[in-house]
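> Model the full assembly from the supplied sequences, consistent with the hints where possible.
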Amino acid sequence: MASTPDTVSDLSRRTLLRRAAAAGLLASPAAGLLSACATGSSDKPATGGDKSSDNPLGVPKDSAVEVIVFNGGFGDKYPATDQQLVQEKHAGVKVDLKFTQKIKTEMQPRFSATPPDLINNAGADMMGNDVLANQGALLDLTPLLDAPSWDDPAKKVRDTLAAGTVDSGTLNGKPYALNYVYGVFGIWYNAALFTSKGWNPPKTFDDFFTLAEQIKAAGIAPWVHAGKYPYYMGWPLMDWIQKLGGPEQGRAIDNLEDGAWKTDEVKQVITRIQEMVSKGYVLPGSEGLSHLQSQQAWLDGKAAFIPVGTWLESEMSSPPDPKDDREPKGGRKIPPGFEMTMLPVWDVTGGDKMPYGAARTYAAESWVVPAKAKNPQGGMEFLRAMLSKAGAGKFSELTKAPTVLQGGADAVTGSTALASINNVIKGVGSNQIIVRINDWYADFYNGHQGPIGELMAGRSGVDKFMDDMQRLADKIKKDSKVKKQSR
Amino acid sequence: MRHGRGRFVAGFLAAPLAVYLIFMIWPYVQTLMYSFTSWGGFSNEAPFAGLDNYRQLLSDDTFQAALLHNVFFLVALPLVTILLALFFAFLLNVGGRGNRAGVRGVFGSSVYKVIFFFPQVLSVAIIVILWDALYRTDGQGLINFLLIKLHLVDPNHPLQFVNDPTPFLGVPKVLWWILIVVVWANVGFYLVLFSAAMQSISKDIYEAAMLDGATRVHTFFRITLPLLRDSVSVAWVYIGFVALDMFVWIFALTPQQGGPNHASEVFATVLWREAFTRGQFGYACAMGVAMAIFTLILGAIQLTATRRERIEL
Amino acid sequence: MTTVSDTASTSAITPAPGERIGLRRPGRGERGGVLNVFSHAILVCWGLMVALPLLWAVMSAFKTDAEIVRDPIGLPDGLHWENFTTAWTTGHIGDLFLNTVIVMAGGVAGTMLLGAMAAYVLARYDFPGNRAIYYLFIAGLTLPIFLAIVPLYKVVANIGASFPWLGLNSYLMLVIVYIAFSLPFTVFFLHSFFRTLPTEIAEAAIMDGATHTKLFFKVMLPMAKPGLISIGIFNVIGQWNQWLLPTVLMQPQSGGEEKHAMLAQGLIELMVNQGYQGDYGALFAGTTMAMLPILIVYVSFQRQVQAGLTGATLK
Chain S
1 MASTPDTVSD LSRRTLLRRA AAAGLLASPA AGLLSACATG SSDKPATGGD KSSDNPLGVP
61 KDSAVEVIVF NGGFGDKYPA TDQQLVQEKH AGVKVDLKFT QKIKTEMQPR FSATPPDLIN
121 NAGADMMGND VLANQGALLD LTPLLDAPSW DDPAKKVRDT LAAGTVDSGT LNGKPYALNY
181 VYGVFGIWYN AALFTSKGWN PPKTFDDFFT LAEQIKAAGI APWVHAGKYP YYMGWPLMDW
241 IQKLGGPEQG RAIDNLEDGA WKTDEVKQVI TRIQEMVSKG YVLPGSEGLS HLQSQQAWLD
301 GKAAFIPVGT WLESEMSSPP DPKDDREPKG GRKIPPGFEM TMLPVWDVTG GDKMPYGAAR
361 TYAAESWVVP AKAKNPQGGM EFLRAMLSKA GAGKFSELTK APTVLQGGAD AVTGSTALAS
421 INNVIKGVGS NQIIVRINDW YADFYNGHQG PIGELMAGRS GVDKFMDDMQ RLADKIKKDS
481 KVKKQSR
Chain A
488 MRHGRGRFVA GFLAAPLAVY LIFMIWPYVQ TLMYSFTSWG GFSNEAPFAG LDNYRQLLSD
548 DTFQAALLHN VFFLVALPLV TILLALFFAF LLNVGGRGNR AGVRGVFGSS VYKVIFFFPQ
608 VLSVAIIVIL WDALYRTDGQ GLINFLLIKL HLVDPNHPLQ FVNDPTPFLG VPKVLWWILI
668 VVVWANVGFY LVLFSAAMQS ISKDIYEAAM LDGATRVHTF FRITLPLLRD SVSVAWVYIG
728 FVALDMFVWI FALTPQQGGP NHASEVFATV LWREAFTRGQ FGYACAMGVA MAIFTLILGA
788 IQLTATRRER IEL
Chain B
801 MTTVSDTAST SAITPAPGER IGLRRPGRGE RGGVLNVFSH AILVCWGLMV ALPLLWAVMS
861 AFKTDAEIVR DPIGLPDGLH WENFTTAWTT GHIGDLFLNT VIVMAGGVAG TMLLGAMAAY
921 VLARYDFPGN RAIYYLFIAG LTLPIFLAIV PLYKVVANIG ASFPWLGLNS YLMLVIVYIA
981 FSLPFTVFFL HSFFRTLPTE IAEAAIMDGA THTKLFFKVM LPMAKPGLIS IGIFNVIGQW
1041 NQWLLPTVLM QPQSGGEEKH AMLAQGLIEL MVNQGYQGDY GALFAGTTMA MLPILIVYVS
1101 FQRQVQAGLT GATLK
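Protein sequences appear in the order of chains S, A and B. Per our numbering, the very first residue in the first sequence carries number 1; after that it's consecutive. Per our numbering, the very first residue in the second sequence carries number 488; after that it's consecutive. Per our numbering, the very first residue in the third sequence carries number 801; after that it's consecutive.
What the hints contain is simulated information worked out from the structure, not anything from laboratory work. Some clues are possibly wrong.
What the hints assert, rightly or not - As a list, the in silico BS3-like pairs of lysine-lysine whose alpha-carbon atoms are at most 27 angstroms apart:
| # | chain 1 | residue 1 | chain 2 | residue 2 |
| --- | --- | --- | --- | --- |
| 1 | B | 954 | S | 481 |
| 2 | S | 302 | A | 636 |
| 3 | A | 660 | S | 464 |
| 4 | S | 279 | A | 636 |
Predicted model only: the values in this text are computed from it and were never measured.
This is how it looks when you write it as structure tokens:
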């Protein structure tokens, strides 16, 4: 056999350690290169075209607008209307619509190189708007909000929006994001089932616990939730805390105040939730179910209550696309006779600081314009078109979801679900539960799911939960890299 | 014959090196440079931060816990995969009926080999979709359904699979469930690899040994295993790299991409979150560099320890 | 004493023992009866563990969404072929297949050629910097891909600005990126393989006046065939599973341009889609369509694959 030096043994531990050390030493000269490399490109600010009453934002002549649309629950049909509106108003301007579900995976690398002009930053793979805003990657949308609205030049865009819309997209004091869809969080039940059994929907936790025994006796689990995504359970949990403790408690949590998670109010709410778990009122296995699995279980009558937002009906409607006329033979997800009905979160005690009916309304599905966009005026113009009666009306017609444009969904008529949603929204009045911490701090949004998951799986207790949440809040507060917000 | 030698070497190395340097090394060099900055990943501003990121690593609990999980996979994954693959290869090749003069595999061994290899030809995407459905946590999951029917699992407490962070033998159960998936996906390949190696061992050796009264189990440990050392060490290195990565599996199969409650984080998921969710790209780069050094050291140890020796028959 | 190439080639032709026994009478042996039953029991168990989930996926492809969520184990109430139509039209499985085949053909062939060239020169020629270059390749084994993904995107975008055929969403670019990312393991693997090839033949060829290039293509490459097949299989599997690189790099740059997505990427998109629109049926139909051709190709060529792997064990 020919002599063959063993290649691998040469790679001895010692040489390798030496090499690693050398790599460490290389660091200092490499650092010098950084200024040349990392901050090398100088981006010219986009200047835009001439402004006029027909073109208040100054969309450049014959420019192209690249719009990235999240192709999720709202589908990919609605933006065509807005595309048409923009192209009709500005002959020569071309709107490029692109659809994706992997917003972060596809957009993140583009941000520092060739960002598009408008992004529908939404879905499970969205980028944190706080992260983007803190790095100066987003454009301030004030020019859009102050521009005359599409339908009525006498009215500014900001004056056509539902209350709280601008605030919900404000970070570091500037409106960086525009949330397009309006809705409310609540707890759903099947009114038909309740009527047939003679059950009354609960108004307090005590009602719920009394009713839960009857529900369980009927072979139904009182509660189901999307345990695989614990933030679903986070919605009622945080709403209850604020409902009991009032807006001050809500602000304390949002503002990361010391001990905000250690108050007596938090303890009372968590104690009740833990009782739900320990008494076996939660559908076994809930802690690992996805949103669709848990919602289907609820529709199939395996559970009585489920916490979800406004979109539940459209998400579970089959077929998903109204133009798709597949016969849902044996496949209808919503059983015939099912009456989807939404309740506001019920009272925790007799002495809640916020009255029955208080709920969390929200504006969601954010749209952002990258700071380095080539044609930001075009991006904003597209948003302005979306906020027209024609654009918003078409969206609501196609998706059965209201937009932040006031009265935009007037033409949409509907189901028990929509009627009950309208009732809940009307009942809220001035008692809006406001939770901003999830949008402000990506760390909180990610971090709060662990403790909630553990609580709902029955693996932690009230004190452990409170400790974990307080530790999470404290950690964010102490992290100098995270820009703080307050309200 | 030194004529043209230099030109030949340069000519042969030019293309591979150029491709490698531009598309692989250069991006990584940039990564190294970013690790000394507080670059967020979304802008072009990358303020120099010196060794801050590396200092922060030392006090990052999540990162350290994640490293331990990688170590778990580094130990368990090659061990289980290789042992199982060896065991199957043994059964296939020498587990069959035999008379005094023959040692052979079980009937239909080639059919088994084809079936066992299936997961390897499937895209990881498909495997993930399958197991996500198998590991469903309520009574409707395939595994839970069967176990409840067999009265092995209490319907009020179905198995929680990758949703279960409670420890088993000191390691979160979610990691064990993931281990099963990865072993399931990989065993077939190594089974075929070892099986091929076993077939290249002369039958005479076995038969001689058996005539001398050795049992099959003895022959496995005394003859087969020593002669398979080569293939086992190749397998060990390759699975080792899988164990250090694990990204796709954890990312796609566990709740909250490393949960529940961080119980299944590996270094890659932590790095991913820092870079792409938290916008701490500089810090993530530092993690990557630290991990590369760790891997390099481990790799060197592993390669040295399992270095090849010629088998002479 | 047996040389490597000898063992490799003989074992490649040696039929599997199981095939031989198929020809013999399965008469009751004196030994191994218990072991045999035990073997079959275990092997059948594992076989079921592998095969049942796959069959279940195929079965689910014929169900409606609600059936899948509601009753994952039950048989479909009818054959819902429309799932396949949906997956084919909205999931573009056919295009994905074609794209993947194009890129993998280029990627694997290029990796093998460039990898073999580099490994050969590094293994058999001494020159200053040899070790450094070798370790440079090996170091690539330790680096996670996504760490380089953002800088890589920038590199490709910049190149694409001058040479669009090498920019984002270009097949050629993806082929080259696949090659770059497959080189470390390929070089590592083939390097040791080339080292073990006997020098006598090479020396004889040189004496006969062969050039270095000719020596490589005419003598060394054929001798390294078992190793090449093995590493080829490794690369096929590795590139087949690649998901992150195409997701990030195969993005159309203008509205009219079509996205040249890969199969794994498309399946993940179907999976994500399922999270929003609940189209499980289409997901499993897409999965089935992606799975079956590969399984058929594998079953047809399994002997070659297994023979090729034999080479891997005998460097």
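> Are residue 279 of chain S and residue 636 of chain A close enough, with their CA atoms no more than 27 angstroms apart?
The hint holds at about 24 angstroms.
> Take a quick look at whether residue 660 of chain A and residue 464 of chain S sit within 27 angstroms of each other, Cα to Cα.
21 angstroms, holds
> Are residue 954 of chain B and residue 481 of chain S close enough, with their CA atoms no more than 27 angstroms apart?
25 angstroms, holds
> Does residue 636 of chain A sit within 27 angstroms of residue 302 of chain S, going by the straight-line distance between their CA atoms?
18 angstroms, holds
In this structure, every one of the numbered hints holds.
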